[in-house]
Amino acid sequence: MLLWITVSADQITARWLPVPVEIEIRDANHQLVAGPAPEDVEVRFSGPGRELWELAITRPPIRLIVRDASEGVQEFTLEPAQVQIPRGRLITAVDVRPATIQLAFQRLASAQVPVQVQVRNGPGPEFMLVGSLRVQPTQVRVSGLAARVNVVDAVVTRPIDLSGEVGPFERRVALDTTGLSGLKLSTAEVVVSGQIDRVAERIIPGMPVQAPPGTLVIPGSVELTVRGGESVLGALDRNALQVVIPAELVPARIPPLGTEVPLRVGGLPAGVQVVAEPRTIRLITAPELPVTEIRTVTPQPDTTAAGQEAGSR
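In numbering that gives the first Met the number 0, the protein residues as written are 0 to 312.
Since the hints were derived computationally from the structure, they do not count as laboratory data.
Heads up, the beta-carbon is just placed ideally off N, CA and C, and yes, glycines get one too.
With a straight-line Cα cutoff of 25 Å, these simulated SDA-like cross-link-like pairs (lysine to any residue) come out:
id	residue 1	residue 2
1	183	103
2	183	116
3	183	140
4	183	111
5	183	156
6	183	108
7	183	25
8	183	143
9	183	105
10	183	159
11	183	133
12	183	23
13	183	24
14	183	148
15	183	71
16	183	171
17	183	145
18	183	152
19	183	112
20	183	106
21	183	67
22	183	110
23	183	170
24	183	134
25	183	151
26	183	27
27	183	153
28	183	157
29	183	26
30	183	114
Estimated spans, in silico, between C-beta atoms of each pair:
id	residue 1	residue 2	range
31	220	192	36 to 46 Å
32	239	218	15 to 25 Å
33	285	158	50 to 60 Å
34	270	23	48 to 58 Å
35	135	23	36 to 46 Å
36	23	169	42 to 52 Å
37	192	123	14 to 24 Å
38	163	113	19 to 29 Å
Modelling step: build the complete structure from the supplied sequences, incorporating the hints.
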């Protein structure tokens, strides 16, 4: 009996065994989204009975390498040579059923999108953000399925609280990945910086108004009230400001009595607000200056006796 079992274990035979399908994608532009279908196939092995029994337990996979995929469902052929039989085995893969499987792919893409900072609480009531928040990097790369990447317009940070900040600040903030599962970001966090300053006001009197060519303004100067960060207003140079009348608001024909026009103040730092008093001025056409005729007078000889006497000397 023992002799029969030994002979049977060494006898060459063939047997169908179920094995899993492994997929290796070497196409960097596509991702497997469904499959394989079916997940398991049967392989007909030939070899000693003892090794076939062991193979039924270990179930060596059949590996399909995909080097060139395209979007959608594709059918691939399975071959016995793709079965991963361990080295040293006296086993041969003879056949595969089913001989084809289906895989579904989607195209991959990547895009640079801007980072937007979410603010939960702004500065306190007596403080303000000077300028705007700065973020570094300003953009991140989003990679994944093209259908999902194409609808991502921006990536936001987790909300930050500015209510306790005073002066310049800088902090690392994580990006909010809500709704971005399955996508890859080039960085997980960004650096957000800015400056919180105390709100202040400053009055700048006697600012001249720049009139368009051929016009006069009444009054010729205004008073500016500027409001902004304390440090910004302290460094504000009145010579850097210009009070002008927007060219697009100057009528083609100015009425004889003039027309009221608004003012625009240029040269203000970011975040600074301004109010001019008065807010509008009267624009009139400059009067034409009279042309003065200048005549050249040629001296005439003196015919009087005194003149002749003086000439004879």
